[in-house]
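**Student:** The primary structure of each chain is shown beneath.
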Amino acid sequence: AQSVTQLDSQVPVFEEAPVELRCNYSSSVSVYLFWYVQYPNQGLQLLLKYLSGSTLVKGINGFEAEFNKSQTSFHLRKPSVHISDTAEYFCAVSETGGFKTIFGAGTRLFVKA
Amino acid sequence: GAGVSQSPRYKVAKRGQDVALRCDPISGHVSLFWYQQALGQGPEFLTYFQNEAQLDKSGLPSDRFFAERPEGSVSTLKIQRTQQEDSAVYLCASSLPGQEAYEQYFGPGTRLTVT
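Residue numbers (our numbering), protein chains in the order written: chain A, 1 to 113; chain B, 1 to 115.
None of these hints come from the bench; they were simulated from the model.
There could be a bad hint or two in this list.
Here are the simulated lysine-lysine pairs, DSS-like style, with alpha carbons at most 30 Å apart [said to hold, decoys possible]:
| id | chain 1 | residue 1 | chain 2 | residue 2 |
| --- | --- | --- | --- | --- |
| 1 | B | Lys57 | A | Lys49 |
| 2 | A | Lys49 | A | Lys100 |
| 3 | A | Lys58 | A | Lys112 |
| 4 | A | Lys100 | B | Lys78 |
| 5 | A | Lys58 | A | Lys100 |
| 6 | A | Lys58 | B | Lys11 |
| 7 | B | Lys78 | B | Lys11 |
| 8 | A | Lys69 | A | Lys49 |
| 9 | B | Lys78 | B | Lys57 |
| 10 | B | Lys11 | B | Lys57 |
| 11 | A | Lys100 | B | Lys57 |
| 12 | A | Lys112 | A | Lys69 |
Heads up, incomplete: computed chain A residues facing chain B, CB under 10 Å, no partners named [to be verified]:
| id | residue |
| --- | --- |
| 13 | Gln6 |
| 14 | Tyr36 |
| 15 | Gln42 |
| 16 | Gly43 |
| 17 | Gln45 |
| 18 | Leu46 |
| 19 | Leu56 |
| 20 | Lys58 |
| 21 | Thr101 |
| 22 | Gly104 |
| 23 | Ala105 |
| 24 | Gly106 |
We put the CB at the ideal spot given by N, CA and C, even for glycine.
For reference, chain A alone in the conformation it holds in the complex:
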């Protein structure tokens, strides 16, 4: 069985500052990894995904994440955040070739002017 731990429940940051949202997972099999964003009153939107290949994955809105197998981590980064990045971010994992996705509890990113 897989599990996901998002180490920070809330991350406040000033506009144009860099940000890192941390995610660790556990699994006994190979996995796919994801970051989703949820804006208020909207559905989940896929930011980026790691399926295989390069461990550095680039997504939408300038976000990127790095898969670190030895540390079982998949941290999300952005070099310069905007007010509009304020949202809830979810890290998720699924078994390779499977269909069930396990989500973390979420990290609320709050960007201040």
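Once you have looked at the hints, place chain B on chain A.
**Tutor:** Just chain B, lined up with the frame of chain A:
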């Protein structure tokens, strides 16, 4: 094109009432998922359909929860005799065959409040 739609967007039910939540997936998406998202938590898997077949219902929390997709398109999640702990946002997602694990498209959710 149209995304996944869910109705109603908000539902208030008195404890003990039955509710039905509807999901319209993206046209052509044969796979459909239901998730429950409690306040302050991430979504939790409830059940999965491929066409009309319910292939996994291991996440349904009790026998009061029932999901169906009789024609392989629209799906309904029914909760009987609602309890306060059922209050949550119920999310539906759909995907193309073969992409279930990594290309799910989510609807906006139905917020259920049980009073």
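**Student:** Among all the numbered hints in the text so far, which are the ones the structure does not match?
**Tutor:** Checked against the structure, the hints that fail are numbers 6, 12, 19, 20, while the rest are satisfied.
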